[in-house]
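S.K.: Each chain, written out:
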Amino acid sequence: MRDLSLHILDIVQNSIKANASVITIHMGEKAENKQLVLEIADNGIGMDNDFLTRVEDPFTTSRTTRKIGLGIPLLKESALKCEGKFSIYSEQKIGTKVFAAFLINHIDRLPIGSIGDTMITIISANPNIQFILLLDSIKGEFKLDTEEINKTLKGVNITEFAVLQWLKEYIDEGIQNIFGGVLNEVDG
Amino acid sequence: MKSMAELDEIRKKTLEQISLRSNAEGVRVVVGMATCGIAAGARPVMKALMEEVSKRNLQNVTVSMTGCIGACRLEPVVEIIEKDGSRVTYVKMTAEKAVRVVLEHIANGKVCLDLTIGAEEAKK
Chain A
-11 MRDLSLHILD IVQNSIKANA SVITIHMGEK AENKQLVLEI ADNGIGMDND FLTRVEDPFT
49 TSRTTRKIGL GIPLLKESAL KCEGKFSIYS EQKIGTKVFA AFLINHIDRL PIGSIGDTMI
109 TIISANPNIQ FILLLDSIKG EFKLDTEEIN KTLKGVNITE FAVLQWLKEY IDEGIQNIFG
169 GVLNEVDG
Chain B
1241 MKSMAELDEI RKKTLEQISL RSNAEGVRVV VGMATCGIAA GARPVMKALM EEVSKRNLQN
1301 VTVSMTGCIG ACRLEPVVEI IEKDGSRVTY VKMTAEKAVR VVLEHIANGK VCLDLTIGAE
1361 EAKK
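In the order they appear, the protein sequences are chains A and B.
Note that this note's numbering gives residue 140 to position 152 of the first sequence, counting from 1, and the numbers run on in steps of one.
Count along the second sequence from 1, add 1240, and you get the number used in this note's numbering.
I should point out that these hints are in silico values taken from the structure, not numbers from a laboratory.
There's no promise every hint is true.
What the hints assert, rightly or not - Heads up, incomplete: computed chain A residues facing chain B, CB under 7 Å, no partners named:
#, residue
1, GLY16
2, THR140
3, VAL144
Unchecked claim - Sample of chain A residues lacking proximity to chain B, with all beta carbon distances greater than 10 Å (derived):
#, residue
4, ALA29
5, HIS94
6, LYS142
Owing to the predicted nature of the structure, the values given are computational and were not obtained by experimental measurement.
Just so you know, even glycine gets a beta-carbon here, dropped at the ideal spot from N, CA and C.
Just chain A, same shape as in the assembly (with noise of 0.2 Å):
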C-alpha cells in the first residue's frame, strides 16, 4: 500500500466483513516515543483463537475466491518495517482492534494519504454503520462520528455528494489542525 488511508481503508472492509455497527479509526501521536498509532476497532463478530494466532499469515483468509489474504500482513509490514508495533486483538461476538505504531521520522514510514478520501470511500458505500474518527496529538483533538452528521442532517442522506464533500473538506481541516508540523507530510 502506499499510504495509511489505504491500509485503513483495506482493514475497515475487514470490519464491514465482520457485521460491525460501530467502527472507530483512532490515529494520534506518541509524542514522547516519537510514534504515530493507528487503532482501528469494531463490534463485529471477532475471531476465534485458532484464526486470530493464524491472522498475520499472508496464507490465511476468511474469503472463498482465493486462498491468501494480504491485508493484515501488508499492515504489520508496513508498521515493522519503520521500527513500529503491530498487534490485534479479537473476541468472539465483541469485536476486534486492530494496533499499529510508526516511528514517525524514519524514513521507511509510509505517509498517511488522504484520510478524507478514505473516510468518504467507506461511509458512502456503508451509511448504516457508525464510523468514529479519531485524530490527536500535542496540538489537540479532532472528532468525526457519523451518527452526530446524521442528527445534524435530520433526514438528508449522509450519502448526498455535496455532504460527502463537506465531510472530506471537515476531515482535511482537522488533519491539518491537529498533525500540521507534527508529520512532515502535513503542512502546518
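Fit chain B to the given chain A structure using the hints.
M.R.: For chain B alone, coordinates are given in the frame of chain A:
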C-alpha cells in the same frame, strides 16, 4: 473553518432537490474494494464515479463497494448492474475511464465495449 452551520445549509439545499426525485429502483455501480482492488487504485476510481454521477445529476444511481471477486490481476474492477439484473464488468479501471463509463454507459446507455472484461480477455 468548517462548521456544522454549513452542514445545515447543505441539508436545506438538498431537501429542496430531493422532492424532485423519484424512488424508482435504479442502476447499481459496484467497485471491488478488497486489498487487491485498493492496491491497484480502486479508491480514486470510486471517487471519480461518485463525483461524475453527482455532477451529471443522475438519479437512482448508487455507487457502492464489494470484496474481491477473484480476478485480482484485472483490478480495479467496476460492475454496472442494471434494473433487470444484467451486468457489465469493466476491468483495469482508472479515474478517467470511470468518467467515460458514467457518461457513455450510465447516462447514455452505450456500453464501453473496449473496457469490458471480455475485451481484455480477448487480447490474450
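S.K.: Could you run down the list of hints and mark each one as holding or not?
M.R.: Against the structure, the hints:
Because the closest C-beta pair between GLY16/A and chain B is about 21 Å apart, greater than 7 Å, the hint is violated. Hint on THR140/A holds. Least Cβ distance to chain B is approximately 5 Å, under the 7 Å limit. With a least beta-carbon distance of about 5 Å to chain B, the hint placing VAL144/A at the interface is held under the 7 Å criterion. The Cβ of ALA29/A sits about 20 Å from the closest Cβ of chain B, beyond the 10 Å cut-off, so the non-interface label holds.
Taking the minimum C-beta to C-beta distance to chain B, about 22 Å, the non-interface status of HIS94/A holds against the 10 Å cut. Non-interface status of LYS142/A relative to chain B is broken: a Cβ of that chain comes within 10 Å, the nearest being about 7 Å off.
Hint check: violations occur at hints 1, 6; the rest are consistent with the structure.
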